[in-house]
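Taken in sequence, the protein lines are chains A and B. The numbering of the first sequence is the working numbering, which starts it at 1 and goes up by one. The numbering of the second sequence is the working numbering, which starts it at 1001 and goes up by one.
In short, the hints are calculated from the structure, not lab data. One or more hints might be untrue.
Unchecked claim - Distance windows between CB atoms, simulated:
no., chain 1, residue 1, chain 2, residue 2, range
1, B, E1142, A, H139, 37 to 47 angstroms
2, B, L1133, A, L172, 31 to 41 angstroms
3, A, A135, B, V1082, 45 to 55 angstroms
4, B, E1127, A, A233, 32 to 42 angstroms
5, B, P1180, A, E57, 31 to 41 angstroms
6, B, P1162, A, S53, 36 to 46 angstroms
7, B, P1170, A, N3, 25 to 35 angstroms
8, B, V1082, A, E57, 45 to 55 angstroms
9, A, P61, B, T1043, 24 to 34 angstroms
10, A, D170, B, A1228, 29 to 39 angstroms
11, A, L172, B, F1163, 26 to 36 angstroms
12, B, Q1166, A, F30, 12 to 22 angstroms
13, A, A270, B, K1075, 44 to 54 angstroms
All residues carry an ideal CB built from backbone N, CA and C; glycine is no exception.
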Amino acid sequence: MANASTNALYAGRKRRNTIATTLAWAAAAFGLGWLILILGVLVYKGIDGLSLSVFTENTPPPGSAGGLLNAIMGSIVMTFLAVIIGTPIGILAGTYLAEYGRHDKLASIVRFINDILLSAPSVVVGLFIYEIAVAPMGHFSGYAGSLALAVIVIPVVVRTTEDMLRLVPDTLREAAASIGLPRAHMIIRIAYRAARAGIVTGILLAVARISGETAPLLFTALNNQFFSLDMNAPMPSLPVVIFQFALSPYEEWQKLAWTGALLITVTVLALSILARSLTARKS
Amino acid sequence: MDLPSGARGVDVSEVALKNTSMGMEQSTSRASVMKRLRTSDVTFRFLTRSAAIAVLVLLSGTIVSLVIGSAPAFKAFGFSFVTTEVWNPVTEQFGALAPIYGTLVTSFIAMLIAVPVGVMIAFFLTELCPKVLRRPIAIAIELLAGIPSIIYGIWGLFVFAPFLQQHVQPFLIDTFASVPILSSVFEGPPYGIGMLTAGFILAIMVLPFITAISRDVFDSVPPVLKEAAYGLGCSTWEVFKHVVLPYTRVGVIGGVMLGLGRALGETMAVTFVIGNAHKVSASILAPGTTISASIANEFTEAVGDLYTSSLIALGLILFVITLIVLSCARYMLMRLQKREG
């Protein structure tokens, strides 16, 4: 009798285990399935419109063929400026957290706030820059777009810089101090050099992050149908053009939107894989 | 600083200086070298500290500018701004109830799907997955996090919404038509776009965040604890349920809150598939709007100060909600880290 109920108990536990592990396999397949599905559709729909004219012609008026040259250039220019503005601030702040403020109050507050900024809604960043840059200037501009993107760059770089500097062994710092090197020189000559690959990774990740950002550009850089490198005027960008074209009723525009989406995704994935391989080689 | 120099032949600070390529010309005076080193040292420290403070200014600046920008709207509507459903640019009547409702409902749907799936994937990765596959699968799931949200949006609008409209939504409507409460949750014509679609896309987007953090905290469980449970004869699932999960509960909740923070503020993916209707409807198949989608859709076209200000007020509400959620998340994750030492 006791034997039978033990067996039943055992069978029940075994069954529950089988169900749970099957569900876990299914969950993993579910997660990977989306990735394959999204990338598959993207390649299928995007490759159709991919031709040289995408890179040599500007965005067309409704109902005619064209390319994405002005949008691509706008994205590159604004991303570049955003990185130029955001990276130094990010690296310096990350340095403070890892080198000077390991135990002080300011550093722990900054660390907390930075982690929050890391996942703060990007549409709010757009509103913020609109309030401080667009409204006072009276018009939308490429500068405002770059500023909004820079605000997103900073927390990413702060975080990776701090993490990477913390991986540098303290014995290196002590060795530098023992030959009389001042702290700033120790950081610049020794710590930065040891953490270089990691810091570059952080910058690449930040570029990957902002090259797909749409919401902060909508009401800072706005859009521009023509080729323009004037940073003081509204500037087109790939994500905003995709947004506009995808929601339009014109077939040519929708096709270009898919092509643009493919371009962005390939860029972003390539950047994040590159960033990963940089740090993987180190460890 | 008048130290006797030359006693040991070479002066350390000069060695240090020679090896630096700071572009300083060789100095003969020891005092001036020391002074220059000290100045650059102090300057660098000051620069890093200012940059750190700049991060704080960023956050407080955002809050202050949103508060100033939203003042006209709050002055005009008072507290009823958050309790009114009307959103009429023509008569300049604005209420935030519909976007707030839409934000909460879509995020709730997203978490309902993403939390169990995300935790199960982490369980799979830490306990079940063959070692060789572990890294590639983890990277693939994290790549999902890297895909820009506009891609999810365009995919959701052109591929996922039609699929839901033709295959899933009619089924849901028919199945629950005779069930009392659920019939109103799954009511109405299948539009394809709407709150369910938005919630589903959000679920896919926050899945990687929940998985990544859950996996990290599951990995932090001391092997001894698991081995002891296995030694008592526990099955894999029992070890996970009775040892790993209780040990890491705080961390998992932190990860879930982090995902929730993302879901609440996500803009572009939702904007594509939500339908932008300022309406509070019981049916999750109906079009709605969220705070971020309203801002993205309407801000550049907003005419008049009150309209703009109302949208900024929406932004402020969103920012405050996400700040609270994200602070809780970080606090919980920090507590877990402290316990680990």
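Checked hints:
The hinted range of 37 to 47 angstroms is satisfied by E1142/B and H139/A, whose Cβ atoms lie roughly 39 angstroms apart. With their beta carbons about 36 angstroms apart, L1133/B and L172/A fall inside the hinted range of 31 to 41 angstroms. Distance hint check for A135/A and V1082/B: the Cβ-Cβ separation is about 24 angstroms, which falls outside the suggested range of 45 to 55 angstroms. For the pair E1127/B and A233/A, the supplied restraint of 32 to 42 angstroms is violated, since their beta-carbon distance comes to about 56 angstroms.
For P1180/B and E57/A, the hinted distance range of 31 to 41 angstroms is not satisfied, since their beta carbons lie about 58 angstroms from each other. A beta carbon spacing of about 29 angstroms between P1162/B and S53/A contradicts the range 36 to 46 angstroms that was offered as a hint. In this structure the supplied range 25 to 35 angstroms is violated for P1170/B paired with N3/A, their Cβ-Cβ distance being about 52 angstroms. Checking the proposed 45 to 55 angstroms range against V1082/B and E57/A shows it holds: the Cβ atoms sit about 48 angstroms from each other.
Between P61/A and T1043/B the beta carbon distance is about 54 angstroms. The supplied range of 24 to 34 angstroms is therefore violated. Under the hint 29 to 39 angstroms, the C-beta atoms of D170/A and A1228/B, about 35 angstroms apart, fit the expected range. One distance hint, 26 to 36 angstroms for the beta-carbon pair L172/A and F1163/B, is violated here, with the actual separation near 56 angstroms. At roughly 21 angstroms, the beta-carbon separation of Q1166/B and F30/A lies within the given 12 to 22 angstroms, and the hint holds.
In this structure, A270/A and K1075/B meet the distance hint of 44 to 54 angstroms, their C-beta atoms being roughly 49 angstroms apart.
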